[in-house]
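Engineer: This is what each chain is made of:
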Amino acid sequence: MSKIQESVIIRTVVRIMVPFIELFALYVIMHGASGPGGGFQGGVIFGAAIILYAMIYGIANGKKKMSDSLDRILASTGLTIYAATGLACIAFGGMFLQYRAVPLLSDPAQVSKYLIDLVEIGIGITVLAVMISLFFDISPPEPEVEEAEE
Amino acid sequence: MKTLALVVVLITGAMLIYAGHDLPAFGDINSTAYQAPMTQYFIEKSVPESGVPNIVTALLASYRGYDTLGETAVIFTAGMAVMLLLRRRET
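Those protein sequence lines, which keep their order, are chains A and B.
The working numbering puts the first sequence at residues 1 to 150.
The working numbering puts the second sequence at residues 1 to 91.
Mixed in with the good hints, there may be bad ones.
What the hints assert, rightly or not - Here are a few chain A residues that face chain B, going by a calculated C-beta distance under 7 angstroms:
(1) 79
(2) 81
(3) 137
(4) 140
Unchecked claim - Pulled from the structure, derived: some chain B residues nowhere near chain A, Cβ distances all over 10 angstroms:
(5) 40
(6) 60
(7) 68
(8) 69
Said to hold, decoys possible - Residues from chain A shown here face chain B by an in silico Cβ test under 7 angstroms; the list is partial:
(9) 26
(10) 105
(11) 106
(12) 109
(13) 123
(14) 133
Since the hints were made in silico from the structure, they are not lab data.
By construction, the Cβ of each residue, glycine as well, lies at the ideal position given by its N, Cα and C atoms.
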């Protein structure tokens, strides 16, 4: 364990900050349609929160938050949400990703708005899973498992 | 080596700052980008057509949705490739 990981101040601040960073990431993803933000940015922020936790509390504890199998499932789920939205538009008689064709609400522009939100969520899930998996892939192996302070 | 890296970073930064002065001013209606015909189309039509107030998101996810799907697939493929190449097997 390196010196920076032993610091009580850093451990406490990280433990307090991580939920807020994750909440901000969800806000950025959901706010993508009406302001600055979007799936790519929000996904990176969410990934950074988990990476920060894994940096301070150790790779083994980080993998408890986001296991390798969950990571793989999430990475493919996000892309599937995006592609399925596009295919659903074909199923309702439109072109690929022609959101207006889905007859969910009376106003086609409103349908488009909600489907764009769905697509952004898909992008966010894929980006956060890939970010975390990249960090775990290049991190050195950690032999001893150390419990997180809850 | 560190000095060389610092010199490279400083030169690149100076070039970027120099180039930044040629960008059009914020909100300049005489800039080339604003005068382009597609700009007017997107400003007028993006809200009624896509229902999204943010024009950037409307372009990214609606008008160029196919392109963004490709970008997401590229990120996914890159992540999977790194996973296959670098992941250590538990022995």
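Engineer: Work down the list of hints and note, for each, if the structure agrees.
Structural biologist: Against the structure, the hints:
no.: 1; hint: 79; result: holds (5 angstroms)
no.: 2; hint: 81; result: violated (10 angstroms)
no.: 3; hint: 137; result: holds (4 angstroms)
no.: 4; hint: 140; result: violated (10 angstroms)
no.: 5; hint: 40; result: holds (19 angstroms)
no.: 6; hint: 60; result: violated (7 angstroms)
no.: 7; hint: 68; result: violated (7 angstroms)
no.: 8; hint: 69; result: violated (6 angstroms)
no.: 9; hint: 26; result: violated (16 angstroms)
no.: 10; hint: 105; result: violated (10 angstroms)
no.: 11; hint: 106; result: violated (12 angstroms)
no.: 12; hint: 109; result: holds (3 angstroms)
no.: 13; hint: 123; result: holds (5 angstroms)
no.: 14; hint: 133; result: holds (5 angstroms)
Of the numbered hints stated above, those contradicted by the structure are hints 2, 4, 6, 7, 8, 9, 10, 11, listed in ascending order.
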